[in-house]
Amino acid sequence: MGGELLGDPEQLIHGLNGLEEAGPGDVSFYGNLRYRRQFEASRASAVLVGTDTPPRDGVALVRVPNPHLAYAKLLALFHPPSRPSPGVRPGAWVHPEATVHPEAVVLPGASVDRGASVGARTVLYPGAYVGEHAGVGDDCILYPNVTVRERCILGARVILHASSVVGADGFGFAFNPEGAEGPEHFKIPQVGIVRIEDDVEVGACTCIDRATVGETVVGRGTKLDNLVQIAHNVKVGPLSLICAQAGVSGSAEIGTGVVLAGQVGVVGHIRVGDLAKVGAQSGVAHDVEDGQVVSGSPAVPHRDWLRASAAAGQVADLLKEVRALRRRVETLEKEKGE
Amino acid sequence: MGGELLGDPEQLIHGLNGLEEAGPGDVSFYGNLRYRRQFEASRASAVLVGTDTPPRDGVALVRVPNPHLAYAKLLALFHPPSRPSPGVRPGAWVHPEATVHPEAVVLPGASVDRGASVGARTVLYPGAYVGEHAGVGDDCILYPNVTVRERCILGARVILHASSVVGADGFGFAFNPEGAEGPEHFKIPQVGIVRIEDDVEVGACTCIDRATVGETVVGRGTKLDNLVQIAHNVKVGPLSLICAQAGVSGSAEIGTGVVLAGQVGVVGHIRVGDLAKVGAQSGVAHDVEDGQVVSGSPAVPHRDWLRASAAAGQVADLLKEVRALRRRVETLEKEKGE
Amino acid sequence: MGGELLGDPEQLIHGLNGLEEAGPGDVSFYGNLRYRRQFEASRASAVLVGTDTPPRDGVALVRVPNPHLAYAKLLALFHPPSRPSPGVRPGAWVHPEATVHPEAVVLPGASVDRGASVGARTVLYPGAYVGEHAGVGDDCILYPNVTVRERCILGARVILHASSVVGADGFGFAFNPEGAEGPEHFKIPQVGIVRIEDDVEVGACTCIDRATVGETVVGRGTKLDNLVQIAHNVKVGPLSLICAQAGVSGSAEIGTGVVLAGQVGVVGHIRVGDLAKVGAQSGVAHDVEDGQVVSGSPAVPHRDWLRASAAAGQVADLLKEVRALRRRVETLEKEKGE
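Protein chains in written order, with our numbering: chain A, 1441 to 1778; chain B, 1441 to 1778; chain C, 1441 to 1778.
Possibly wrong hints are sitting among the right ones.
Identical chains blur together in the list; that is why a pair holds if it fits in one copy or across any two.
[Stated by the list, open to error] Simulated pairs of lysine to any residue, SDA-like, Cα-Cα distance not exceeding 20 Å: (1) K1675 <-> D1578; (2) K1774 <-> D1492; (3) K1627 <-> G1595; (4) K1776 <-> T1493; (5) K1675 <-> R1554; (6) K1513 <-> D1579; (7) K1675 <-> G1531; (8) K1627 <-> M1441; (9) K1675 <-> A1596; (10) K1717 <-> E1543; (11) K1675 <-> R1660; (12) K1513 <-> G1443; (13) K1627 <-> S1522; (14) K1675 <-> V1707; (15) K1627 <-> E1770.
What the hints contain is simulated information worked out from the structure, not anything from laboratory work. Remember, predicted model here, so these are calculated numbers, not experimental data.
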């Protein structure tokens, strides 16, 4: 990790865990003063810490610039990913006109439809489906029961978690009062695609709809949690984080490095600026400027929301107070008139 | 489209796109004054417009009664859907006692269980499952990894997007303080079905639970977006639109032509009347009358919600103001007494 | 049911239904005074009622301590579950190093990966996937397109509804400003598991993420509805009910017998105490004590929330009132000065 060791270099480490769960032989990390109590009580043999943490008795400290990142890298070293051996397994279905790289893995029950292509070292688990003329890059993982619909494009190192759906039809209808059998919602064909750039991760049961025309885009290195909804023609910039059960409506634009917390909703045709942050359960109805932090439904600047939330509980008391004041003013007015 | 052309009838059109994205050779549409700026700046060669739009230089206009609908119909003309050739493919599983119409398509990895039936020209993608004695009508599409549980019934032209689930057990339990192994939530068998009428579309990862007894119903021509929850014994009327991540609790009734915006919640055993509209993220706790527009959590008439939302940010200031007023009244009262 | 019959013991019953839907020959139940009107109007031939319900003409009453529970048990008697005959079907994929109990059922299109085990009488529907070294107990049902990822553990009598996902990677990243190709969200390997105890039911499209290190746990007899999100390292105690579209963030702890209503969000690293209840759409940002009832976003004691909700609609009027009062006080002050 390139850190500075304060403690016994012979100490043997055989596992990793959180400060509270770690025991002898484990390494943990401490990167946030909020967890100071847990750090001081930890039974870990070694702890990755910031560069200014003072030494402590009975525990080896490894000073690094970013303890959380160092911990993540150590975890990856301790748990190298296992990849099944390459090849198309019996029980998989690959259309004769599809192209599967010889180093790719297509497990039993996975499907690659006509004209589709699957890159090197990519793994398709059982139930994963790659639609007609779709393209999946190198080193991707499509977990079980993932759907990638026709013509959608995935970059390299994309991870699609189980039951996620890329490229379902956008939700677009034109009301037709005079359909053949009476009024109808006439289906607007959704003829665009989804394009997912390199290093994107898509959570379980997350849905990214294809564009009506053109592309729905998820930018490089962006991570979507589970059960997220990305509607047609949305553009999500690179390096954003969209937490579980958040939803982004059609044609909205999410900038670079944005964070949408859990259960957030963003209406259509607006822009959430670069590095903006949106608090959990917020409803964003208007553009959010670069770097802004907003909360609430409808969302307002976070500071205003905190103030309004605190005040909201006092309205009932305020009603009483104002009623009492009115009576007192009436009394004063009457006395005046006398 | 039956429209009136203002412009060059020889103009060649080879694609369609939105006003901002369209270029030479594209046709677009302009049906809402909100987009006037984009209309005036558009580089489209032709635009579908309303019947009262004045002619413009350099762009062919096609006047139609409903530009959005005409655009949708043009899109369908430009992009005729492709349907795989009929038949049960090797790698599909059809129970010997199931009935699959000879013009239906059952792709590898799709399953049709005992006693089920699949109509003419219906397509089952890999991973689609039709349970025992379930019935799927003509011209349906079941995208990959769709589940239709036992005895559920689908009409004609129903589209089920990937990973949607029709007929999972409703969430029903009776608390039993004296179970064999201690207290338990005793599972109430969910022995009813789901019935989906003609021309319904169900979004990806959307769940429609079977009734405890009787039927959960989604009416003709209704469209459900992605990640929607429809609980047991709910009745959704025809021609309604339920947007992404909305949820309807058990035994609630949603009328005809209702719109539930994204992330709306509707409690159980209530009715949302015909043509009602519910704003995004609202929580509907009581009956909504026909034609009413409601918003907020708990939901109130939309006008009241707008007023309350605007006022909510002013409570903190109001608190200050009232405190100041109280002091002034006290001063007046004291002076009075002197 | 061990009840006391008031009425004709020769009465033949051939079905069950709700009070409003039941007809002659049906038995229904009446356990809540809210439904008294429906009880009195019911056409059911027999009704399961509480022990203090007086006899009624024309309908047989069966007095039991818990009519809802008795109804559930009767439903189960009338609708015994059907289980496919045991065995691994052709078209299923079982890894040679997996262990499937001879009384288990593995239907076509289901998969059991290397080192996994499947218990007695457990049924895997088409598209169900059991990952490497995962363990599924006895008498479980894995509905179509369910995913159980590697090393996760399911107890006995667990029901996983269609498209649910157990053990997808938790949403964990460490921001690395100096990645090989620029800034990146470095993926924290999620090397823990999910452990699901006996008698748990998991709804359709519900996601339970594996722990970063250690275990995500869902306790004995707990029931999760559809589209629920349980993040990494969450511990849900026994006998809790989590309704549709609710989400629990990382490392949160949900106690015993808790009820989270629909669309609730719980932030990470907090505790919702035993027997606590959280109202629909609430956002829980802080610990909830045992037995507490909370509502709102942010959540507050339910009583305070009712009061605040009622008051919220009056703020606009309050603003007017205070403005008027201010003018009256100003007048009084001026007159004073004169």
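### Message
For a quick check of understanding: which of the numbered hints are violated here, in increasing order?
### Response
1, 2, 4, 5, 7, 10, 15
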